[in-house]
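Take each chain as given, in its own frame, and dock them per the hints.
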Amino acid sequence: MSIRFVRAGLQTSIQDQGRPGMMDWGIPWGGAADPLSMKIANLLLDNSPNNPVLEATLLGPRIEFQCDITIAIAGAQFTTMLNDSPIENYKTVKIKSGDILDIGRVISGARTYIAFPAKIEIPQILGSAGTHIVSKFGGLNDDAIRTGDTIDLINIRPVRELALNKNFHLIYTNQSQIRIVPGSESDLFPETLTAQFYKTTFEVSPQSNRMGIRLSGLKHQQEKEYEAKKVPMISSGLYPGSIQVPPDEKPIISFIEGQTIGGYPRIGHVIKAELHRLGQLKPSDKIRFQKINLGEAKSILKKKRELLHQLQLSLGKHEKEFLIL
Amino acid sequence: MTLYPHKNLPAITNNGDCALDIRFSDSPSKELSSIIIRIREKILQLKLSGIIDIIPAYQCLTIIFDPTHCSHKMLHSILSQNIDIVLKNPLNTKHKSKLIRIPVCYEERYSPDIEFLSDYTNLSIPEIVRRHTANHYLVHMLGFTPGFLYLGGLDPKLYCPRKDTPRTQIPAGAVGIGGRQTGIYPQATPGGWQIIGQTPLKLFQASNSSPFIADPLDEVEFFPITRQQFTTLAQVASNSTPRAITP
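Just so you know, the sequences run in chain order A and B.
Under my numbering, residues 1283 to 1607 are what the first sequence spells out, in order.
Under my numbering, residues 839 to 1085 are what the second sequence spells out, in order.
Be aware that one or more of the hints could be misleading.
What the hints assert, rightly or not - One-sided excerpt, in silico: chain A residues whose CB lies under 7 Å from chain B:
(1) W1307
(2) K1554
(3) H1558
(4) A1579
Unchecked claim - List of simulated lysine-lysine pairs, DSBU-like, C-alpha gap at most 30 Å:
(5) K1481/A <-> K1001/B
(6) K1580/A <-> K1448/A
(7) K868/B <-> K1580/A
(8) K1564/A <-> K1532/A
(9) K926/B <-> K885/B
(10) K1418/A <-> K936/B
(11) K1584/A <-> K926/B
(12) K880/B <-> K868/B
(13) K1564/A <-> K1448/A
(14) K1599/A <-> K1378/A
(15) K1586/A <-> K926/B
(16) K911/B <-> K885/B
(17) K1401/A <-> K1448/A
(18) K911/B <-> K1573/A
(19) K934/B <-> K1040/B
(20) K934/B <-> K1580/A
(21) K1564/A <-> K1584/A
(22) K1586/A <-> K880/B
(23) K1418/A <-> K1001/B
(24) K1568/A <-> K1586/A
(25) K1599/A <-> K1585/A
(26) K1532/A <-> K1568/A
(27) K885/B <-> K1584/A
(28) K1532/A <-> K1373/A
(29) K926/B <-> K1585/A
(30) K1580/A <-> K1564/A
(31) K1448/A <-> K1586/A
(32) K1532/A <-> K1448/A
(33) K1585/A <-> K868/B
(34) K868/B <-> K1532/A
(35) K1481/A <-> K1418/A
(36) K1564/A <-> K1585/A
(37) K1564/A <-> K1001/B
(38) K1599/A <-> K1532/A
(39) K1580/A <-> K1001/B
(40) K1568/A <-> K911/B
Because the hints were derived from the structure by calculation, they are not lab data.
Predicted model, so just to flag it, every value in this text is computed and none were measured.
Where is the CB? At the ideal position from N, CA and C, for every residue including glycine.
Next comes chain B alone, as it looks inside the complex (with noise of 0.2 Å):
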């Protein structure tokens, strides 16, 4: 009997000659988000030599590894075997989840794309932002650049294409949709997102003992905040760690 509840199995795909991927059909969940982890946690303890990185996604789970140690027949039948072992295990959902609310400010200067967006949705500014900040999203994975969260649970009504041509450059802490999902930019990249607002905490502190603010399966709110509120709480950000910050 298995008790994975999706209807398909996923298929394990060639990801180039360093990569397997581990593809399901399934929409995002956060049930299938802790399949992923799971599987990534099994593959960890079989401490396989040539594996070199495990990158969970959405439906996708990427297994990097050194041709010269191991093929991609072999690790394709062992990646089979385990991912039958995860799912005909039951799902262990006491995950201790934290709740982290993050300030973001909506207001001209830090929100560059929300009147395309306004254009796009049919909804106005402040509507925009009430639909923002309504939900919990949950982190389905971290990645993209170092502390970026993956956020599950998007208002589909403000669902608006990616730009067809992504920036060189987009803020620390930008506030973004893409297709069906939003974030925020931890660090000065290019990015392909409409930019919605910005926070001014930080999402990744290299020297920290826990550097990022959030792991997988945990929950994110975010909540409008002033300019002024902006600048007090950056002097704030730079001096100490992102999750003692409260409204």
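Chain A on its own, in the form it takes in the complex (with noise of 0.2 Å):
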């Protein structure tokens, strides 16, 4: 019972809840990009949350099925097409052996996620199936699907008809708003630059990546000397959604697959309610950044597992924080 990839897409791998509480080995979480849409994705199909998946970005992969089952599909929107018909997000599909899926390119957000009910038979490396492009282990031969690859799936298991109800469809824009927090040296930034990094719409760089989301440059008034070279610096933990700003005053935010101790300034903290966003901006994407306190964030992160909460009861899962973020 297999599936064959007759196109890998730009970077399709397999992806899980990746290996937190690593960190202090330099591993960083990895995982899906955007944990949320991989778990309303398994969810559909009465899987576990972290059930492995496959993550396709920006241009999916053409995929032969040589077995009979019905899979999910959550996250970003792309032309996804099975044989010659279009088909939606949100809801379970129906596969027969022979049937070939192509995800197409991206329409929305970034990152689309495909579940299945059934395992995905490759070895767990340090507790993970999921693969760690940056640093090649994991996943299918340590590292993202090649064109020509095959998955064996095990276990397959009849599911019902399931959809999303549309209320609850995430959209992705290309235009992003981001709440963040201040962190230990945010203080430190000299004021002028802060103003600006809060007035600045930044654009997603072409080379971000799962390790790092690359922003375009602080737009000064004038030419003058940067002034981020200038914030004092000790090199602490950082994880994913920490804003560094190095000397060039071009922001990186840390993701999922980034560097676990920083050397660069941070301006502040994408929050826990919002990190599964990042996983949905690609380059050129616009953004701004909002400042809120811990006791905001707090209640952000609140109201939206309480949705979450309410999304889950709307499939018939009744089980508690099965998608908590």
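Here is the structure:
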């Protein structure tokens, strides 16, 4: 029982919850770049939330199925076709042996997740099936999927038809406002630079990846010396969402395969409740940052968890915290 | 009575909505690293719910947690108490530290920034190599990427600034200097350090039972090799664990 990649796509990989708890070895969390979408795809199939899935990025794979199976796709919207018919995200899709699923090109967002009611037969490395693309380990043969690769699916379960109510579909735009809280070094930045940071509309650079989301430079009123260089800094733990400002003043948002210790001063941190959105940023998207305080961050997280609880109830899933962020 | 030899107590600061930093103002040292590692072990022993990662650094310990399981305020007070306990207990200095010898080729094709360093420091290239291989470096912590060793003990004459814009790709095994630090990039990644050489050893092998070549508080020594030796050792390294290699 297997699927074959007729086209691998730009960066398609097997992902799950990743490897939290190993940062002191320099191993970042990894796993799905947008874990929420991964969990919704698994929820539609009544899988466990972190059952390994395929993560497709910008240009998706073309897959030939050699088994009958029902799948679910959640996350970014792509031009997905099953044989010659377009198919939608957020619902179960019946597939017959011999069918071709073409994920196509992205329309909105950046990454989409394809879940199977089955086990993907690959070894667990350091407790996870997830692919660490930067350091090349885990997943299928320690890397992203290559054209011609085959994945074996075992213990395929029949699943009932299910669709997520449209109210719960996540919509991605190419202009995001992202909420952040200050961190250990935020107060050490010159006020002018901080003010400029919150006024600037940044553009996501094509050099962005699972390690870091690189942004265009800060816009200055006039030519002047870069100020970020002057911020005193001691290296400390860095985790997804931390926004470093190197001396060239092109901020880098640390991401799921980011370095675990940072050497550049951090102006702020994307709040936990919005981390999943980072996985849906693509080159040329515009983003602005909004500063909030810890109390606000906490209540946003709480509200979002309540919403996700409603979402899982709408699919008949009653266990608590299935969709925990 | 406190046995903590440093003058300043650490500060506990917020590092985003899911992390706290314990920051020391003392300079990096073996003593400080031992204290940081001991605080880390102490927190692990508490088995607090919601703790995700505890990352040691030269002068800082970062605790990453789930804010729905524990609040900043509560964790802050638990940390203060336990830092106090660690600092008031005698230092156990009997750490079994290993010496790890690492071959480095400093020749031209592996050292794109050695001429910059030579200009910046006013030292000849052979003098840079001599100074870089003269010291034993302390492994303060692992981090940055899987298996990267943060080393202390760089000759101050070799201090040099990082690149203003990090390179988007540096080869695995590249040996660099950034500020007051030297180290080896375990895998091909972006990085901002000046590259002065390359080792054929693999610093991280995920499927090995011990994936890394060193632990915090071990010591590292570099020794120079030629391009030919680099090629030979690279073949050996791909078939065995790096610990076995000696000059």
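Ascending list of hint numbers which this structure does not respect = Numbers 3, 7, 11, 15, 20, 22, 28, 29, 32, 33, 34, 35, 38, 39, 40, in rising order.
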